[in-house]
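Asks: This is what each chain is made of:
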Amino acid sequence: MTSLPAQVPGQKKLGLVIDLDTCVGCQACATSCKEWNTQGYSAPLNDRNAYGASPEGTWLNRIHGYEVKGAEDEQSRIVHFPRSCLHCEEPACVTVCPTGASYKRAEDGIVLVNPETCIGCKLCSWACPYGAREYDYDDGVMKKCTLCVDRIYNKNFAEEDRVPACVKACPTGARHFGDLGDAESKVSRLVAERGGYDLLPEMGYKPVNKYLPPRKRSNEKLKAASGESEVKSDGKSRVDDFFRWADRLLSR
Amino acid sequence: MHPAYSVILFTTASGAGYGLLALLGIVGFNHGPSSSLWFGAVAIIIALGLITLGLLSSTFHLGRPERAWRAFSQWRSSWLSREGIASVITFAPALLFGALWLGFIAKPQWIGLAGLATAAMCAVTVFCTAKIYSTLTTIRQWHHKLTVPVYLAFALATGAVLLMAIASVFGLYQIFQAGLAVVALILTLVLKFLYWRQIDAEPRNRTIEAATGLARAGETVRQWEVPHTAKNFIMNEMGYAVARKHAEKLRRLVMILLLLAILVTVLTMAAPGLAIPLSIIAFLLAGAAAAVERWLFFAEAQHVVSLFYGAERA
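Chains P and H are the protein sequences, given in the same order. By numbering that gives the first Met the number 0, the letter at position 75 of the first sequence is numbered 74, and the numbering carries on one by one without gaps. By numbering that gives the first Met the number 0, the letter at position 282 of the second sequence is numbered 281, and the numbering carries on one by one without gaps.
Please note: incorrect hints may appear among the correct ones.
[Said to hold, decoys possible] Below, simulated DSS-like cross-link-like pairs (lysine-lysine); rule was C-alpha separation at most 27 angstroms, straight line:
# : chain 1 : residue 1 : chain 2 : residue 2
1 : H       : Lys130    : P       : Lys205
2 : H       : Lys244    : H       : Lys144
3 : P       : Lys205    : H       : Lys144
4 : H       : Lys230    : H       : Lys244
No lab work stands behind these hints: they were computed from the structure.
Pulled out of the complex, with its shape left as it was, chain H reads as follows (with noise of 0.2 angstroms):
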């Protein structure tokens, strides 16, 4: 599958974002008001900020984004109709959970009831843009059990990584942020290794021969004339091969870049003086992570239509 760019700084940012956003929930759940007007002000801004430049940069990939307000009316049926609306909706438990947290609503006793379903609307979100994947038999790689653990996973991982990174900058790093992040990065690189050995061990079992119909016992098919003089769309979209032949080798960097956050966060516990760079150092390395396997995810994918174009197996 074609990886398109705004659909992976889409689901990287947004995900670190809504990640970032149902941490602070959490902590606001557990310890009531922010203890700094200026961390728990930023922390918001960047975790919205990162689900808002999400959001635009989804709409870009759309052919015609002045009709995007459409994509809220199909929720009955549409994973991506129902994504737009939870997204969407987030914004509102997040706003006055900011607004409660930092103090601007002087009604504390709401802080944790806000911060729970701020929580839970991110993780609603980050679900329905896995289920989009997961629900198209037409992608083997995608229609898999893990992937939406997997997308989980990820922006639980890199938003922890970014409320340490945060914290640290602000001068309130504290070992459980640490310790956190290590978990969750550790808990994404587990699923993911997981993910990688399950497609690898599926029998690719769909063939050019069962999707045309035309071979009988013991014969093969193979396309003998292709239905155009130039590329198009289908190829474009679904025949995308540029990373596939390169798949053994970025899944190794997006492991070793989860390993070298994982090592360098635990490395924040041992030295916290170094916390800042320490902690920005791992943010990195996490969001480099997340961006070369979400472009591994779409092109490692390989579509069933690919068989009507000469694939053999799919």
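If we strip away everything but chain P, and leave its shape as in the complex, we get (with noise of 0.2 angstroms):
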């Protein structure tokens, strides 16, 4: 039923909040996604010309790099961003689906791709404001990120293994999982702490997945190298002065 299931006071809201502060762009998550959900719920995900010039192949999870220009003489900064399924509150990728294929788990949230019942019309993927449904051109149907449901409940693993892949696999722990309805949760804590936003929140989906901002940095106001050696004296340091003025007959 592609209706969404009514909201409970109390609500399990399983997602992950991710860390731009420490993220550093190294990939693990997405190739530990690929290599879990290769052989899992999504199983196969599709690689087309895999050993070739041009190869390509359905993720459900893909990290982007941006530069964010500082203002003025402030330094750019590099920020890599995951991206993946965000389990939305209000996923429009789910009311759209013609067959029922895709639905809105009522117990934890999670929103997921029925692989028997997809038609592969791709609807979904044009309501999704995040780019986070992926056709598989091979299979025919729709996949996307499922939060691992087959690990997160899976008793052969350990308590501390039944997290998604992309957690598990992050070196600098800059990916955490758990219940964002509950306040008191540890997710929920660190999103109060650090001010984790919505992607595109006035669009209306309302994300699950909530994002935590890099922290300012402290040298962001050192001026890039702009050939510019003139500093002012702080009349503190006779060595520095020298410089200055070395530097300064040797300007002429």
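Dock chain one against chain two, each of which comes alone in its own frame, and use the hints as you go.
Replies: Below you can see the structure in the form of structure tokens.
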């Protein structure tokens, strides 16, 4: 059923909190996601021309890199930006689905595609503002992040391994998994402390996943090498004054 | 947005089919039994043929066409599902109307009701098709109040010109058919012109800065590294920009084709003796206008996800 489940008080909302401050863009989350999901719920995740000049395939998690150009004389910052399904509370990808293959689970809010009933019309990918759904050209159905639904409840795993593959793989601890419906959970507290934010909140999809903004750097005001070497004397260091004098002399 | 040729064929062919079928229903409501069995039979067959051709071609873009029947299940939330159901339901009053109108069922008192029901279902189906697009908030150029009227107008206009062409071939050309076609074509032209003016005037106020949430005051964001080594599905499907750079020329082409269709239709009034070739030319012109317009409708549409892939604004 593609109508959304009713929200109950204390609704469980499983999701990810992604720390853009500590993410180093190593792609470990993307590769472990691909590795797990090509044998799990979404198996197989197609690859085309895998060893050719232009390999492409279905990935459920992709890592963008953005350059944030500083205002005025500030330095630019590079931010690695993992992007996957945000398991929205108002997922239009679910309601547009004509077959009921797309659904949002009432018990934990995970958004899934049933690969047995999807007809591959791709309308859900049009409805998603975040580019979370990718079409599998070999399988003819849509694939998306399952929040590793086949790991997080898996009794065959030790307790600490019952997290999404991307979270388990992240070497810098930039990915956190938990219940964002519970204000006291570790992930919710992290979001509150660090000012976690929603992507495109004005679109009304109410994403569950949150992003933690990069922390302000201490040296942001440092000028980029601008060829301007003249720095005023602070009158404290004789040695610095000497080099400043030498610099002026040599610049003539 | 990538223009899937099967979807363009579907929406233009079935649009003309539904327009023609709706007008036949109204003709039946107004005039009772068909004046000529052959004209009526051929017109109904062409209308249902175009609709069926369109419906079949729409399944070609599915990854799993053999599961298409499942699309009838989610009418509570999905306009695509509603469109599928409406398109199939329409066959019932349409076939009944055809049988009554052509005299296979000798109950002429029911022709009017069946004709009106057929016309209403045609309008409902085209309405549902347009709603699929107009309810997508992710695409500014589609999430627009004129999307639905333009779809309906194109269906009516191409259907009206087709009705005139078929009637001419059977020697049943009448001035009012041309008049109706001219009015529908002008309406289409005006609506589409207004649509283009309005989407151009709207601010493209979604930015890469707002989408990524990374910029503080006075900062700008640009894509530094792409998340792939080759093109991916999202870029193929949402990042289609081939026709966007030719948009101005193609818009002019659509308007010229519509104007020529209007002109040629008016000529049939002046020279009814040439109604057959002129009305066929008018239909080809209107059909070409609909196809280019539909292609442009996709190609000009910019999806908000393009912001994550480096577009500055959408």
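Asks: Does each hint fit the structure? Answer for all of them.
Replies: Evaluated hints:
1. H:Lys130 / P:Lys205: Roughly 23 angstroms separates the two Cα atoms, so the pair holds.
2. H:Lys244 / H:Lys144: holds (24 angstroms)
3. P:Lys205 / H:Lys144: Holds - the C-alpha atoms of Lys144 of chain H and Lys205 of chain P are around 24 angstroms apart, at most 27 angstroms.
4. H:Lys230 / H:Lys244: Distance of about 20 angstroms is within 27 angstroms: holds.
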